[in-house]
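Colleague: Each chain, written out:
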Amino acid sequence: MRLEPIAAPSLWRLAGLPAAALAATVLAGSLLALIAGADPLATLGLVVKGAVGSRFALLETLNRATPLIFTGLAVAVAFRARLWNIGAEAQLYLGAVATVAIGTAGLGLPAAVVLPMMAGGAVIAGALALLVPALLKTRMGVDEVVTTLLFNFIAILFVSYLIEGPMKDPMGMGWPKSERLPDPLRLPRMIEGVRLHWGFGLAVVLAVGVWIVQTRTTLGLAMRAVGENARAAAFAGIPVNRVIAQTALISGGLAALAGFSEVAGLKGALTRDLSPGFGYTGIIVAMLAALHPLGVVVAGIFVAGVFVGADSMSRAADVPSYIADIMLATALLTMVLALMLTRYRIRRD
Amino acid sequence: MEILEILLSASFWAAVVRIASPLIFATMGELICERAGVLNLGIEGIMVVGAFAGWMAVYTGTDLWTGVAVAAVAGMAFGALHGVLTVVFGLSQHVVGLGVTLFATSSTYFAYRLALPEVTSPPRIAPFEPLALPVLSDIPILGPALFAQTPLTYLAFGVVGVVAWVLYRTPLGLALRAAGENPAAVAAQGLSVTGLRMGAVIAGSGLMAVGGAFLTMSAFSSFFFEMVNGRGWICIALVVFGAWRPGKALLGALLFAAFDAFQIRLQQTAIGEGLPYQLFLMLPFALSILALVVMSRRASVPAALMMPWRKGER
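As they're listed, the protein sequences go chains A and B. Just so we're aligned, residue 1 is where the first sequence starts under the numbering used here, counting upward by one. Just so we're aligned, residue 1 is where the second sequence starts under the numbering used here, counting upward by one.
Some hints here could point you the wrong way.
As the list claims (entries may be wrong) - Covered stretches of chain A, as calculated for chain B (at least 3 residues, CB under 8 Å):
hint	stretch
1	105 to 111
2	133 to 142
3	275 to 287
FYI, nobody ran anything at the bench for these hints, they're computed from the structure. For each residue, glycine too, the CB sits at the ideal point set by N, CA and C.
With the rest of the complex left out, here is chain A:
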């Protein structure tokens, strides 16, 4: 068997194969329901209902999608330049730390000043957190996959230390959590009476912003060139190392905003369970979107829907909610395969 590049893939290939990947995902979900001894159709029905079946469910899904759009964008930006940022989890947490540190400092400034400071602080923290592995990669040749993965563990332990030590809430009844942000420093809701905060709006705006940077700016072009062929980009006079560093700053900053948005928009305080792996799930989101920033918004909502729907389903039926993680892993693997097969044809020798 060998793979042969296709010069002009047909529409059938371009649309059909990704659709087949999603069908495989649904099939995997049905099989898992069967294994768990439940009715597959009823189970999937409960997942869909739990994700989008009511106004409450839909808003829950959009709220859950918010951090995933940020981390998905972070991964999409980095992967496009072949900077393998697997450390969105660490950047998210450090962003949350900066958010809480600035927000609870008692600066006595109006919220309109402090909120942007919190977001800015988060971006700087996340950007620097990824700059270190990026520089280790460009200066020393240290593989960033392993360093960013290892940094995740360090960052979470650092957060654990902070909320049990210097940042611990004195009124927390001994629980390891930070002080709560004062009410004026919480992100307002997008529409009065609707439980959806402005973090979601910011995520969508930034998705458009990333898309504009990628398609309309020299930096975006350089990032793509470095990702496609770093050696050719260097020959063309693109400062490859600088572009990688800039990519790292943008990617790390985006991931950190997930932490900012979760704390300021939703939770109000920093805890160790702020993120149930949003950083890692961002990789799925970005890959399902084929690294397209606008696709990240759609994929983020889809992935959030699967999680929210499965949570709600598992409360009603006897199927473990881990079904969501397996379905999404299936979606990830089948989608990468499907996207490759839109460009290559399988030939027998």
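Once you've looked at the hints, dock chain B against the given chain A.
Modeller: For chain B alone, coordinates are given in the frame of chain A:
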């Protein structure tokens, strides 16, 4: 003084070898994959699968060695999935590896919840017992450290020897290494790059799963969520630290385990009690990063690592 006492105690060195054992299995597994040209980021998830599968098999009534075999087979199944996607289809080894880790981990948790729906604390099995080798285990310090371990630890050291022998002393090893350095040359010899790499990924994944099984069947006697806790990622760092050589990787694993055992003991001393415990828990990860940085300049990466091989291309 306390530090000297730690370093001179036999229990410390026994702990070093015990902590190193799962890392040795998984590091050898990863090393085989990478020498053949495939970065296997499925390692973390495959260790989770092995930890669960071996333990579950024993819990449902098989003997311990059958449990180890079940773990290995389960790991090989996920290895085969990784291999088909990265070797046969040539997909991104980063993305597939992380996908396999996610798939393996969540499948394990799903299976755990189905098998034991209502338990709050996981049941225990009777794990491997230490097997003191006569005479040898009576040597001071070294004896208890090396010769009073469980059979799985002896197996770990045996695996290093076998891997080194196969890689450097057999035609198969030569072909495997060539697949990771210059696949075109291997193909020109009439050998199948795909077959060699698939074999390496499947065998390597089996070893990773046995490394996971060590945790539930020798180090502890139960399965916990998050019990692998980044060990797989550390093994990837250990392969780099060992410059892709089995002997050096073994030394790396032992050195790493020595630091880990040392920090656990240091926490209980007067120096340790004044410091936050998280600092000690960070140490293994920080050390791994440091090792990567130190070794980066000398590293001899297999030339075709992470390069998919497509017949007829290039």
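Colleague: Does the structure break any of the earlier hints, and which numbers would those be?
Modeller: Structure breaks hint 1 only.
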